[in-house]
Structure formats: C-alpha cells, structure tokens
Amino acid sequence: MRRVIITGIGVFASSGKNAKSFFTSLLEGRSAVRRIQQFDPAQLSVQIAAEIPDYNPLDYFPAKRLDLLDRFSQYALLASKEALDSSGIQLRDEERPRFGVVTGTGMGGATTFDSGYYNLYAKHATRVHPFTIPKIMHNAATSQVCMEFGAEGPALTTATACSSAGHAIGEAFHLIKYDIADMMLAGGTEAPITFGMLRSWESVRVLATGNGDPSKACRPFSADREGLVMGEGAAMILLEELEHAKQRGARIYGELSGFGLSSDASHITQPSIDGPARAVRMALAEAKVSPEDVDYINAHGTGTRVNDFTETQVIKEVFKDHARKVAISSTKSMHGHVMGATGAVELAATILAVDQGVIPPTANYTTPDPECDLDYVPNQARETPLRVAISNSFAFGGLNAVLLVRRFE
Amino acid sequence: MDVSAKVIEIIAREQHLDVSKITLNSTFAELGIDSLDGVNILFALEEEFKLDIPDTVAQNMKSVRQVVDSLTRVLEGKDVSDLVAMAKGESSPGVS
Numbered sequence: 000m001r002r003v004i005i006t007g008i009g010v011f012a013s014s015g016k017n018a019k020s021f022f023t024s025l026l027e028g029r030s031a032v033r034r035i036q037q038f039d040p041a042q043l044s045v046q047i048a049a050e051i052p053d054y055n056p057l058d059y060f061p062a063k064r065l066d067l068l069d070r071f072s073q074y075a076l077l078a079s080k081e082a083l084d085s086s087g088i089q090l091r092d093e094e095r096p097r098f099g100v101v102t103g104t105g106m107g108g109a110t111t112f113d114s115g116y117y118n119l120y121a122k123h124a125t126r127v128h129p130f131t132i133p134k135i136m137h138n139a140a141t142s143q144v145c146m147e148f149g150a151e152g153p154a155l156t157t158a159t160a161c162s163s164a165g166h167a168i169g170e171a172f173h174l175i176k177y178d179i180a181d182m183m184l185a186g187g188t189e190a191p192i193t194f195g196m197l198r199s200w201e202s203v204r205v206l207a208t209g210n211g212d213p214s215k216a217c218r219p220f221s222a223d224r225e226g227l228v229m230g231e232g233a234a235m236i237l238l239e240e241l242e243h244a245k246q247r248g249a250r251i252y253g254e255l256s257g258f259g260l261s262s263d264a265s266h267i268t269q270p271s272i273d274g275p276a277r278a279v280r281m282a283l284a285e286a287k288v289s290p291e292d293v294d295y296i297n298a299h300g301t302g303t304r305v306n307d308f309t310e311t312q313v314i315k316e317v318f319k320d321h322a323r324k325v326a327i328s329s330t331k332s333m334h335g336h337v338m339g340a341t342g343a344v345e346l347a348a349t350i351l352a353v354d355q356g357v358i359p360p361t362a363n364y365t366t367p368d369p370e371c372d373l374d375y376v377p378n379q380a381r382e383t384p385l386r387v388a389i390s391n392s393f394a395f396g397g398l399n400a401v402l403l404v405r406r407f408e
Numbered sequence: 000m001d002v003s004a005k006v007i008e009i010i011a012r013e014q015h016l017d018v019s020k021i022t023l024n025s026t027f028a029e030l031g032i033d034s035l036d037g038v039n040i041l042f043a044l045e046e047e048f049k050l051d052i053p054d055t056v057a058q059n060m061k062s063v064r065q066v067v068d069s070l071t072r073v074l075e076g077k078d079v080s081d082l083v084a085m086a087k088g089e090s091s092p093g094v095s
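Here the protein sequences come in this chain order: R and U. Under numbering that gives the first Met the number 0, the first sequence has 387 at position 388, and the numbering climbs by one with no breaks. Under numbering that gives the first Met the number 0, the second sequence has 26 at position 27, and the numbering climbs by one with no breaks.
Hints were generated in silico from the structure; no laboratory data involved. A couple of the hints might just be wrong.
Unchecked claim - A short list of chain U residues far from chain R (calculated; beta carbon distances all over 10 Å): (1) 59; (2) 72; (3) 75.
Claimed, not checked - When the alpha-carbon atoms are kept at most 27 Å apart in a straight line, the in silico DSSO-like pairs for lysine-lysine are as follows: (4) 20/U <-> 61/U; (5) 245/R <-> 19/R; (6) 63/R <-> 20/U; (7) 319/R <-> 80/R; (8) 5/U <-> 49/U; (9) 49/U <-> 63/R; (10) 287/R <-> 319/R; (11) 315/R <-> 287/R; (12) 61/U <-> 49/U; (13) 5/U <-> 122/R; (14) 5/U <-> 63/R; (15) 63/R <-> 61/U; (16) 49/U <-> 122/R.
From the three backbone atoms N, C-alpha and C, an ideal C-beta is built for every residue, glycine too.
Work out the full structure: start from the sequences and follow the hints.
Quick look at the structure:
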C-alpha cells in the first residue's frame, strides 16, 4: 500500500504569518484574538475576532492580480507558497498531471459577497461587479492555487462547514494512497470577518463576547467558557507519496496515515457522540493503531458548552481508560475558529507537535469543569515525544473529519 | 466631454496600465485584454457614463477606437441596429 507523508507546511493565520511564527506563538500560549479592525464593529454585540494583524494585500500581490482575488484566495496562495517553498520541491513538467490541489472553505469569498450585496441593496447599485462570481465561488482558491503553481492533477473544493479542511486533506491523502496522484497541496482557507457574517453568527448565540480582555475570550474546556471566537487565515500541507519524496531526499515532517469521516445524521447544529466517535475509530483503523497508541488529540475544542462536553464524551467512548492519559488541547483558544480552514490550521499545529515533540496548550484555561475532566494541557506547552496524534473536526451539519498523523519511521 | 480620453483613462485604470501605453489604435489583443477583462471594462464604462451597453454592441468592442465609436453613438442616442446586425450570429462575450 502506498504511504503518504508530509513534506511541506504553510500557514498564514492570526497567530503567525508563517508556520514557524505560528507554532512559536501557540507554544507561548499567546492568543491572537483582538477587537475587529477590518471594519468598525461598534454596532455588534460581539466585537472581537482572531484577525491576521496588519494585513495589506498589496504587500503580497500586484494590483492587477488582486482584482480577481478575494481574501480567502489570497490566504490560500500565501500558505501554498510557503508549503511548496518549505518542501524544496522542484516540479518537472511531466509530474504536473500527478500534482493536485484540494482546499476546504466554508464560506468562499465572503468579503466580496458582503460588499457586493451592500452596494446592491443598501446603496441601490444597478449592477454588480463582473468579477464577483469568479471571486466568490468556493473553488476560486483551489483554481488560483492550481494556476499559480501549475498543478494539473486532481483538484477540487470541499465545503463542509468547520470540517471543510479536514475533509480536503483527507481526500487528498486518499488520492495519493490510491494512486490517483503523487503530490497534493491540501488544506483550507477562510476570510469570514465581515459585518454580515458576524451578525449571522451572533444570532446563533455561540460567540464569546470577550468583554474586557479579548485575548482571554476563548476558553475551551474551562468551566468559565463563553463560546467560540471567529478567526481567519489558511493552512496548506504538501502531501507526497513516500517513494517520490525519498527519491528527492525530502525533509519529512510526519506520516498521514488515517482519515475517518462520518455523518451524525441527527441534528443540523447539535453534535452527537456516535458520529464523531465513528470518525475517530475509522481513522485509527485505517492507520492500524489502537487507542492506546495515541499520545495527543488536537481537539475540535470550540469553547461552546455543547462541543466541549460532547467531545469529552467522544474521547471517553473511544479511548476508554486511555482517555485519562492522552493529552488533549484546543489551539482554537489562540488562533480562533478558522471555520472552513480550521482543520488545516490545527493539522499544521498537530504535525509540528509530532515533529518537534512538544504539545501546544489550551490557553485561557482557568477553572476545571466537572463534566470535562480530562487532560487539556492547560496554559503551558508540554515537551514529550509523540508517536501518534489525531486532529478532530466536528462541523455544523454533523459532518465529521478526523486525521491521524504519526511520527515517520 | 472627451469620450476618447475618458475611455483610455478607464482602460488604463482597470488594466493597471500607464495611459501613455494606450492609443485609439490599440487593439484589446495588443493590450492583453482577455474576455473577462473586457467584461470588467464594460462594467467600468457603464458605471462612469451611467448607461447600459447592450451585449450586441459590446461584442464589437475589440479595440479602443471601436469602444469610443460605439460608446459615442450610445451616448448620442443614435440607432445602433447596424452594430446589432453585425454582431448577429456571433457568440456572446466568452465567459463560460
């Protein structure tokens, strides 16, 4: 069976504009949540998000190129470039049909949508800009990445809310494993920080308001949790078939060896325990590891009561006695909930944790919750060798994706 | 109003080109304007001149001079049916 390894990582997110600064920030337990600066949030009851600080697109792209790039495509391109650069790969033209791209996004070109509709409905414009459709379509990021880096192989976009990137990377993993492709750039991207999107999430009543200090707003698994905080950004992972990577002497970050996916088939927002548990078991089974082999779980860990309680139950259900030994953390406490990109941002953190043997903490953990009584690696990073780690994504809509990474041997 | 100067200014702005690079004789091909760029320029012209340019007229705009001529006639409210006839049978601007 073909093995799939990780040879490149790119992150462009609130906690860092490259993989190294991103992971350093997580290890320091630093939150990137702040008062929203992309627009004036004064009318909102929730005025905080994990934004990419001081982002000016013209620092990265020529003006002509930007005309056709919504922010979510910009982030995907920037993360992809780092993933490819860090891999040191020099693509030959004949390899391009076996090189593909999968990105996940929940919302697509949300900022373009928002400003277009504002012009149409509020300012009574009679026309909408002709680049609106090519910018907002969910596959725009995948297509732009393919065009930029000459990927001519399998390419698609997944849109499964908060599991989008998990499914994207899992699909890419299987495309290589089952001999459809040799190299895949896979990940997720999201730029959802708009007035309309914040209003919509606000009304679901799952957002933390962060009154006082925004950096303390997201407190997953802590009894004083207040809810989730929206984030933005992208992460892209370069996956490569083992022999292909060996031949070019690639630096190997780890092996992707399990992907579990399932549907709760029960409720449009409320997660079940059975659905996520099946996805975790499926990932373990594909990787042929037992629950006791898992040293670290990067939790979905949104910081809503429902998620924290359900995810804790899922872990107890699958891992039994080992549930009390496995280290669990929610890095969303720092980089926010990056929606359709979050599975990729968190997998990047998971891969780097396995590669470097250090677990990023759950930040802002203050008070034990009797219903969430496992080891959530509170506030302090923990150095420890990691053999196997999983990254959970449990989405609105009940569509679950679990990815399993192991130290390469 | 100098329609030519305004058209050249808009094309330069939308294509991120220097105005000095564009003359009445420039063709869209020479300026690297593809079908999607063309639709964008039409949008900018419609916004600027506060008018609608019918698809059938738009299809004939393949050079700066054609844009200026067509636009002038639309602005003057002249009959553009000959332009429409010319375009008949041709496909619509090529965005799939």
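Verification of the hints:
{"no.": "1", "hint": "59", "verdict": "holds (18 Å)"}
{"no.": "2", "hint": "72", "verdict": "holds (21 Å)"}
{"no.": "3", "hint": "75", "verdict": "holds (21 Å)"}
{"no.": "4", "hint": "20/U <-> 61/U", "verdict": "holds (17 Å)"}
{"no.": "5", "hint": "245/R <-> 19/R", "verdict": "holds (24 Å)"}
{"no.": "6", "hint": "63/R <-> 20/U", "verdict": "holds (16 Å)"}
{"no.": "7", "hint": "319/R <-> 80/R", "verdict": "violated (41 Å)"}
{"no.": "8", "hint": "5/U <-> 49/U", "verdict": "holds (13 Å)"}
{"no.": "9", "hint": "49/U <-> 63/R", "verdict": "holds (24 Å)"}
{"no.": "10", "hint": "287/R <-> 319/R", "verdict": "holds (18 Å)"}
{"no.": "11", "hint": "315/R <-> 287/R", "verdict": "holds (20 Å)"}
{"no.": "12", "hint": "61/U <-> 49/U", "verdict": "holds (21 Å)"}
{"no.": "13", "hint": "5/U <-> 122/R", "verdict": "holds (25 Å)"}
{"no.": "14", "hint": "5/U <-> 63/R", "verdict": "holds (20 Å)"}
{"no.": "15", "hint": "63/R <-> 61/U", "verdict": "holds (20 Å)"}
{"no.": "16", "hint": "49/U <-> 122/R", "verdict": "holds (15 Å)"}
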